[in-house]
Each structure stands twice: as structure tokens, then as C-alpha cells.
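J.: Based on the sequences and whatever the hints tell you, model everything.
2 protein chains.
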Amino acid sequence: MNDHLVVVKAAPFNAETALRRLGEGITPTPAFYVRSNFPVPALDPQSHTVAVEGAVARPLRLSVRDLRELGVKTLVTTMECAGNNRMALAPLPTGEPWQGGAVSTARWTGVPLGAVLERAGLQPEATEVVVEGADHGRPKDGPGDIPFARSLPVAKAMHPDTLLALEMNGEPLPADHGAPVRLVVPQWYGMASVKWVARIVAVTEPFTGYYQRQRYIYDYGDGAAPTPVTAMQVKSLIVSPLEGEEVAAGGVVVRGLAWSGAGGIVHVEVTVDGGENWQDARLLDAPSPYVWSSWEFHWEAGEPGRHALRCRATDSTGQRQPDSGKWNKYGYGSNGVRPIAVYIR
Amino acid sequence: MNDHLVVVKAAPFNAETALRRLGEGITPTPAFYVRSNFPVPALDPQSHTVAVEGAVARPLRLSVRDLRELGVKTLVTTMECAGNNRMALAPLPTGEPWQGGAVSTARWTGVPLGAVLERAGLQPEATEVVVEGADHGRPKDGPGDIPFARSLPVAKAMHPDTLLALEMNGEPLPADHGAPVRLVVPQWYGMASVKWVARIVAVTEPFTGYYQRQRYIYDYGDGAAPTPVTAMQVKSLIVSPLEGEEVAAGGVVVRGLAWSGAGGIVHVEVTVDGGENWQDARLLDAPSPYVWSSWEFHWEAGEPGRHALRCRATDSTGQRQPDSGKWNKYGYGSNGVRPIAVYIR
Numbered sequence: 000m001n002d003h004l005v006v007v008k009a010a011p012f013n014a015e016t017a018l019r020r021l022g023e024g025i026t027p028t029p030a031f032y033v034r035s036n037f038p039v040p041a042l043d044p045q046s047h048t049v050a051v052e053g054a055v056a057r058p059l060r061l062s063v064r065d066l067r068e069l070g071v072k073t074l075v076t077t078m079e080c081a082g083n084n085r086m087a088l089a090p091l092p093t094g095e096p097w098q099g100g101a102v103s104t105a106r107w108t109g110v111p112l113g114a115v116l117e118r119a120g121l122q123p124e125a126t127e128v129v130v131e132g133a134d135h136g137r138p139k140d141g142p143g144d145i146p147f148a149r150s151l152p153v154a155k156a157m158h159p160d161t162l163l164a165l166e167m168n169g170e171p172l173p174a175d176h177g178a179p180v181r182l183v184v185p186q187w188y189g190m191a192s193v194k195w196v197a198r199i200v201a202v203t204e205p206f207t208g209y210y211q212r213q214r215y216i217y218d219y220g221d222g223a224a225p226t227p228v229t230a231m232q233v234k235s236l237i238v239s240p241l242e243g244e245e246v247a248a249g250g251v252v253v254r255g256l257a258w259s260g261a262g263g264i265v266h267v268e269v270t271v272d273g274g275e276n277w278q279d280a281r282l283l284d285a286p287s288p289y290v291w292s293s294w295e296f297h298w299e300a301g302e303p304g305r306h307a308l309r310c311r312a313t314d315s316t317g318q319r320q321p322d323s324g325k326w327n328k329y330g331y332g333s334n335g336v337r338p339i340a341v342y343i344r
Numbered sequence: 000m001n002d003h004l005v006v007v008k009a010a011p012f013n014a015e016t017a018l019r020r021l022g023e024g025i026t027p028t029p030a031f032y033v034r035s036n037f038p039v040p041a042l043d044p045q046s047h048t049v050a051v052e053g054a055v056a057r058p059l060r061l062s063v064r065d066l067r068e069l070g071v072k073t074l075v076t077t078m079e080c081a082g083n084n085r086m087a088l089a090p091l092p093t094g095e096p097w098q099g100g101a102v103s104t105a106r107w108t109g110v111p112l113g114a115v116l117e118r119a120g121l122q123p124e125a126t127e128v129v130v131e132g133a134d135h136g137r138p139k140d141g142p143g144d145i146p147f148a149r150s151l152p153v154a155k156a157m158h159p160d161t162l163l164a165l166e167m168n169g170e171p172l173p174a175d176h177g178a179p180v181r182l183v184v185p186q187w188y189g190m191a192s193v194k195w196v197a198r199i200v201a202v203t204e205p206f207t208g209y210y211q212r213q214r215y216i217y218d219y220g221d222g223a224a225p226t227p228v229t230a231m232q233v234k235s236l237i238v239s240p241l242e243g244e245e246v247a248a249g250g251v252v253v254r255g256l257a258w259s260g261a262g263g264i265v266h267v268e269v270t271v272d273g274g275e276n277w278q279d280a281r282l283l284d285a286p287s288p289y290v291w292s293s294w295e296f297h298w299e300a301g302e303p304g305r306h307a308l309r310c311r312a313t314d315s316t317g318q319r320q321p322d323s324g325k326w327n328k329y330g331y332g333s334n335g336v337r338p339i340a341v342y343i344r
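Protein chains in written order, with numbering that gives the first Met the number 0: chain A, 0 to 344; chain B, 0 to 344.
Mixed in with the good hints there might be a few duds.
Heads up, the list lumps identical chains together, so a pair's fine if it works in one copy or across two of them.
Here are the simulated SDA-like cross-link-like pairs (lysine to any residue), alpha carbons at most 25 Å apart as the crow flies [as the list claims (entries may be wrong)]:
| hint | residue 1 | residue 2 |
| --- | --- | --- |
| 1 | 139 | 219 |
| 2 | 139 | 273 |
| 3 | 328 | 274 |
| 4 | 328 | 90 |
| 5 | 8 | 246 |
| 6 | 325 | 276 |
| 7 | 139 | 221 |
| 8 | 72 | 27 |
| 9 | 325 | 266 |
| 10 | 72 | 285 |
Worth flagging that the hints you see were computed from the coordinates, not collected in a lab.
Only a predicted model underlies this, so the values are computations on that prediction, with no experimental measurement involved.
T.: Structure (C-alpha cells):
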């Protein structure tokens, strides 16, 4: 599609951000990773409506204009695909073979989902809010032709930063990113940020849809009941130099990003040897609960040859990236430390 | 120092074969991987001698000519560095960051070590034979200035195919490969094939040298006594297409190699999906106890995008490559299945 993205699947279109395009702050829209389970539905932003129903006092049908009139806010969030770095898990789980680029950051403008639910009169017996996209299809092992749908607990649905987004980086949403209206759930993996929102249903029983109970679950294969995937796990990556890159001996600035769905990043460490020495990287941003932190590390690159560089992040709750991501059947939340090979000339 | 090799360390020179240069059968000498613990010793092939001493009736000092006069034989073996694919283990162990190319195959011509030991009158109380190189240096955590040395049990030392090699692929040994005389121990990882052989010592007690007891050992970090690294573990790799390569949709011939130090390769399987389907590859060579087997697999490449390709080998003893190599402190014997990402246009 463009040189910002690496295509993982052509149809439906799935692509990760080329690592050389991942940098500080906002990811340009054409470089934002794309994850779609089904073909993009063709929705007319003039006539498209969102139904709000279920355990609400006043079922609604809202146009995009109706939504906007509820009042919009803008926030910046980092969003990562739950399957990002699936390729690092062994044995490789089923699913799209994401490497490391299914993570991006954008500025979203939209109306809080909570404002819509309040307008509809969310009833006290509601426990979850199901958000359904207009996209649909037949997963190989699914129950037939189904829409993409995920639920949020009421508290997360009512959080003032859970948005029905209408704009991305100051422009109307592109089709691949859910036009004309998508959910944006800060701190959670991307599957929660349902695209092409068509229906919002307040429910009083746990939602058991395919993407809630058969996929986007942690199934560790140990017999324990699987749990739905929710918040992003703490993670970091090196964006410069990249795997296979050659650098001159001398001072090399190693740059990277780190994020967590549990809170801001308070610490990033780097090792350029066998792991005997982990050294502190310098965080360039104040810890942010929603947005990745840029960091840099001064590497005095000496001995010519191949060197293995690694980074690991710690978030404000004390969670640190593990040496290896925890294997699970469908390959979600893969956040293990990943060495990259860099060459000194 | 050529386009056949990827430099892992410039000094001492360590380099792995570029995967695009790994093919069927013999590896051209300039593409054969190089693993040296110390700088190359400058030995004059005219004046160099090998001392044979210890538990022998007749200590000897043999020139290269003396060795050759004992009678040479030629055999082909695959040799793999014990640390090959160390980069695939997590956490990354200390040591050179080998990826997958520290494996090669050559035709060696030399005199059986057993013939030398017989000539010297190996005594029945000898239990091991220590082979020492002329290379030496100070390992960071070692006992001072030491030569590279490893021991073999008497049975392996006396095996008719354990050679003191004088030629590689029909030419005198190059300096990087141990000129003028190196050991070649078929089926064992490369550390056993001591280069620049200077001294052969028959001993009656277990050898406790640094490279026998502090390195080239499996230390699983579980409190059990470490054991010396010996035979190569069963392994396979894909040599075409390579990681990141783009292929046209349609019939793609996936080619690779497989080997084991325990016996010939009897089975290679390939999967091009999430692992639901492992399919048999076609072995192009009869199983050989010493030489890798070439294999190919017909992949009907369909859906455009990224695909994860994996292979796994089974040897004649029934050992099959594991999903993940078993982590050990120094990162030896890393033989887990490794997915590669290939793109269909």
C-alpha cells in the first residue's frame, strides 16, 4: 500500500508499521498499523447510524452528526495489536504472523462512549457494553456469519477517555481505521477499539461472542479457564539502529520506544553484551499512561562485528518486561525481550 | 572477510556462512564458518610438530610429513558450532551472538588420530585423549594464559573417522581452519575439532581444562552438574526462500538442510500455516551419519502477504527437533524450530 507499512495479509488488509517509520510521538496516519478481521464495510458517513440498545432507558439511533453534537474531546494514545510479536512465541501460535510493528500512536478526536450511554439512559443492571462493528464474516472455526464485536465492563465503557472516535490525527477516519466511527479504548490492546461501530448494546450477562470467548483470550493450554485479553502488557523496542544495520565504531545513539497499558514507563534498560550489564536508558518523555515513551541510550560501540542489543521496560506498577513472552494458544500479549543483531564496521 | 561470510567478531576472526551460500553438499572453503577462541597462531608447516605424550609407551614428536606417512583417508562431514543459533535462546546467553549460519560441510583428508595413538602405544589405563591447539590466550573468567584444549573419550579418539586433518576440500588447510593440522571429529559440535593441533596427551583422569569444564558445557541452571557438550543435536533450516524474501504466488520450491550428530536424517516436515498442518518434505539424499541432508518441499503459495515457514527434522534415533531449544547458561545446542517470514507478492 505504501512504504510505511509491511503487508501481513492482503485481504482483508492487515499491515504493520515498518520499524524505520516508528519514531517519537504520533505515527503518521499512512504508517499506522492496520488490523482487520473482515473486509472493510463501505459505510456512507452521511447516512450511517449507530444503534444504542439493550439495557438502556432510551434506545437511540445516532448519526455521525448526532454523535459530534454530544461534544468531542481529543487525546493521544498508543495502540498495539494483541497479536503483535506473535512470531516471537514458540511454538508459533495460529494467527497472523505479526513481527514487531503492530503498534502505533495517534491523536483521536471523538465523543466519550459514556456520554452516549448517559444519553441513552444506561440502566443500573447493565454489567457490560458490547460494541459491534459493521464488518462481518465467517471465521474458520466460528459460528457462521458474525460481526466483529467485543464487550467492555461498564466502568471501562464509562471512562471519560473511552471514545467513539470520528477523527484520527485531525482528519476524518480513513476506511481502514474504522470510518466513520470507531471505538478507542486507551491502555487496552487494539481488539477493544472496535472499528466501523454500528451497534452498542448494554447487557446484563457476560458477553460470550466469538471474539470475546474464542479469540482474544489468553489460553495457556494448562487447563485453566481462558481469560479475555484486555490491557497492553509492558513492552519496549529499539527503533534505531535496526536489525541487521551497520554502524560505525564510536558513539552510537540507540533509540527506542516503551509503553504499558498499566501505567507510564518509569525505567528502560539496555544491554549490549551477554546480559551481564543492564544499563539505564534516558527517558525523553515524562511517564504517560496512554502514550509510549521515547528513550535513548549512548552506546560506545567498540569491537567490530555483530552485537546483540536488547532493551526492557518497567512501568509505574513495577511490571517489567520478561525475558520471554508467556506462550498462549493464540499468541497474544507477546512482550518478551527481543535481541537484535547490529554490526559495527 | 568475503561475501560468503557474515563477520560476528573481527578479532579473533569469527564469522558465519551467509545463509544464501548454504546449499547442498560441500560448502566452498571461503564460505565455511570460522570459530576461533584466540588469535590464529602462525605455524610453519615445514617445522611444525605435534607432540604425543602422556599415557603412551612411546612419546612422539611428529612433523606434518610424518603424519601424512601414517596414511591418510578422506571423508565428508558437516560441522556445526556448538553456539550456533544462540541468538534464538531467551534470555540470550553470554557468548558470540551466532544466528543460524555457523554450520558448514567439508571434505577432509587426514590421518586417523587412532593411527597416531597406536604408533605411540596408547596405554590401557588411558581414559581420555586431550588435544591441544597452538592457539592460546586469557579468557575473561579463565585461569590465565591457556591454550585451547578439549578431550575425547578413548573410544571416540580411536574411532577410525576421527582425523588429524591436513587438507580441506582438496587443499592444504587455510590458517583460519587450523593449518597445518586440525582435529576433525564427525558428529560432534565443532569445539571438539581442535585447530592448530600442537599436543596430544593421553590421560588417565578426566580432563578438567577450561574448555571442558567451564565452557562448552550444558549448564541448565537447575543445580544439576553441567555436562560437556558432545554430539550435534538434530536440526534443520530453510535455505530458500530466506527470511524477508518475496516470492511470486504459485508453486514455490522451499529448500533446506537437516543434520544430526546421532545419525542420519529420516524425516523433515514443513508447515506454512499456524502449525495445524505439518507436511513431509522430500529428502534428496540417503540418510548419512556425517553429512547434512538436502530436502525440498513444494509450497503452493497462495494468499499475498507474510507467511511463517517452519521446518523440523527427525533423525534415525527418533529424536525430533523441539519447538524451542533448551536454554542453558552458555547457549549451546540451540536447535529449536525457527519460523521465517516470507512474503507472497
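J.: Report the numbers of all earlier hints that the structure fails to satisfy, in ascending order.
T.: The structure conflicts with no hint, since it agrees with every one listed earlier.
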